[in-house]
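Engineer: The lines below spell out each chain.
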Amino acid sequence: MSSVADVAVPPVARAASAGALGRLMSDPMGAAGAIIVVAFVLLALFAPWIAPYDPLKLDVLNKLQSPSLAHLAGTDQLGRDTLSRLIWGSRTALGISLTATGVAGAIGLVLGLIAGYGPRWLDGVLVLVFDSLSSLPMILFALAVITVLGPGTTTLILVIVLVSIPGYARLIRAQTLTLKTADFVQAERSMGASVPRILGRHLLPNVVGPLVIVLSMDVPVVIMLEAGLSYLNLGVRPPTPSWGNILYDGYNSLRQQPTLVIEAGVPLVLSTIGFTFLGEGLRDALDPRLQVRPR
Amino acid sequence: MLTYAIKRIALAVVILFTVMLAMFAMVFLVPGDPASLALGPRATPALKAELIQRMGLDQPVPVQVWNFFSNAAHGNFGYDVWSKRPVLDQILEVFPNTLFLGAVALGWALVLGVALGCLAVVWRGTFIDKVLGILSVSMIAVPSFVIALYSLLIFAVWLNWLPAVGAGTPGDWGSQIRAVILPAFAIGITWVGYLARLVRASMLEVMGAPHIRTARAFGLSETRIVTRYALRLAIIPTIAILAVGFGAILSSAVFVETVFSRPGIGTLVTAAVSKRNYPVVMGTTLFMTAFYLFVVTAADLLIARLDPRVRDVFRG
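Just so you know, the protein sequences line up as chains A and B, in that order.
Residues 1 to 295 (the numbering used here) make up the first sequence, in order.
Residues 1 to 316 (the numbering used here) make up the second sequence, in order.
Everything labelled a hint here was simulated from the structure, so no lab data went into it.
Each hint should be verified, as a subset may be incorrect.
Claimed, not checked - With a straight-line cut-off of 16 Å between C-alpha atoms, the simulated EDC-like cross-links for lysine to aspartate or glutamate are: (1) 130/B - 183/A; (2) 130/B - 284/A; (3) 48/B - 80/B; (4) 7/B - 27/A; (5) 180/A - 131/A.
Small disclaimer: the values here were computed from a predicted structure and weren't measured.
Model the full assembly from the supplied sequences, consistent with the hints where possible.
Structural biologist: This is the structure:
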């Protein structure tokens with residue numbers, strides 16, 4: 001019983017991806033990561049139906065309550081339901097981090113291909129720009145951009161995209177340079193294939209794999225950055241729920257109601273661990289030799 | 001070695017110039033002029049005119065670029081928009097605090113990380129190795145400012161063992177050391193994970209080398225082989241990562257310093273960002289970039305001295 005999809009996907013590719021998924025799920029760390037990530041994605045997607053309260057609804061009479069049956073995780077300094085805010089916070093965290101890494105990955109892919117396959121002078125210029133950008137301590141560059149543009153969700157995404165592009169572009173450039181001289185690319189070129197054909201049909205499929213691994217390993221870094229900047233009041237603006245904002249509220253009422261800080265840290269720690277485990281598992285399953293440096 | 005050193009230093013200088021040009025361009029790319037950006041919507045025309053005059057914003061752009069570069073070369077990083085104090089003075093006032101914090105954090109992380117990495121190699125393939133592996137990845141993943149908040153809550157608020165705010169009294173080493181423990185713990189924990197993994201990976205690579213086989217054939221104990229012969233080679237990539245790590249340490253320091261209200265580069269720059277006090281932000285960024293480039297270049301040269309193989313290939 002073969003459907004259209006079965007015919008369209010080459011059997012070799014399917015076997016490889018099925019093998020990789022199997023390898024990922026048989027590794028306890030990778031499997032745990034995958035389960036945590038899927039849980040957070042579901043939480044973010046269905047936040048309006050899962051959250052028991054409106055995350056923005058004020059109820060000042062019931063402020064800073066301890067966990068109870070009415071408010072499973074208690075309330076914050078304005079009487080808002082903490083559990084609902086944390087659930088909606090996963091939407092903020094995942095929305096921003098997935099958008100930002102996705103956009104940065106796409107731009108880095110194009111720039112890396114251009115640098116690796118384009119004329120040498122352009123490669124020189126691009127490499128200098130990438131090197132300069134990655135020589136700036138990431139956080140200071142981010143703060144400089146925020147100073148100029150003013151804090152907010154759009155600025156936050158832009159900042160993350162800007163600081164991430166050089167890393168991805170360098171990775172793609174390095175891959176492109178090695179592949180450029182590979183026999184199958186040389187053969188294709190000698191048969192008169194156009195540049196778009198070589199880039200699209202031969203280089204792209206080969207460089208996308210490592211990029212996906214690096215992207216997935218960067219998602220937790222971006223989640224941390226979003227929460228950190230929102231904690232400093234320089235990221236997502238209140239009252240939009242973000243784990244960073246909630247941690248900040250918790251810090252301010254640390255002595256009256258310590259549960260707020262404790263609870264707000266839990267999803268942050270869980271999600272960064274989940275994404276890191278998934279990224280590690282993906283790397284082990286797909287490309288164990290890929291080196292990832294700290295950021 | 002000399003050619004390598006010259007090339008490496010020249011590259012650092014070119015990068016620093018590009019960064020300075022980019023920083024300068026960024027202020028000009030934004031809608032509105034830098035003076036109203038810094039002063040905000042409530043600026044009076046007189047106040048604005050004064051700031052424009054003081055910062056030389058009324059001069060042609062090429063002149064401004066020249067002034068910016070020559071001032072920076074003379075150690076003048078501009079002036080605070082509000083207090084009018086030189087930015088460099090403010091940086092130098094708090095920089096030792098951040099440097100001390102970073103050094104303590106990296107220091108304890110280095111000791112524990114290398115030890116855990118060695119343990120994993122000695123017990124490679126066993127259950128302990130697996131547990132250490134998962135532990136290192138988890139330590140890498142946990143955001144340092146959450147650790148900072150949790151340790152603040154436990155050790156400063158509940159147990160009252162260590163101070164919750166500040167960097168201690170200047171001159172009083174005891175209070176400074178007590179104040180650095182919690183922030184350094186929060187920042188270092190990520191690095192324990194990185195270093196343990198890195199040391200394990202580079203050590204396993206070294207363990208297959210001929211000189212290790214020779215040592216084994218001579219009947220040396222496994223512990224002696226690991227600490228005396230393998231670690232010496234495996235430490236080289238660690239130096240490189242430590243240098244890169246100084247930039248990453250700074251990122252966590254920005255958040256952790258704020259959690260502990262600890263005077264430092266992080267608190268200086270975040271306070272300036274909220275007030276859009278851009279000369280302070282730009283000055284600090286330049287200063288730290290220069291410092292970071294210096295550390296990375298010095299580490300590269302050190303590695304080239306330790307490992308002759310590196311000299312042959314110029315790595316950009």
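Engineer: Work down the list of hints and note, for each, if the structure agrees.
Structural biologist: Against the structure, the hints come out as follows:
1. 130/B - 183/A: Violated - the C-alpha atoms of residue 183/A and residue 130/B are around 40 Å apart, more than 16 Å.
2. 130/B - 284/A: 14 Å, holds
3. 48/B - 80/B: 14 Å, holds
4. 7/B - 27/A: Since the Cα atoms of residue 7/B and residue 27/A sit roughly 45 Å apart, the hinted pair is violated (cutoff 16 Å).
5. 180/A - 131/A: Status violated; Cα separation ~22 Å.
Checked against the numbered hints given earlier, this structure breaks hints 1, 4 and 5; the rest are met.
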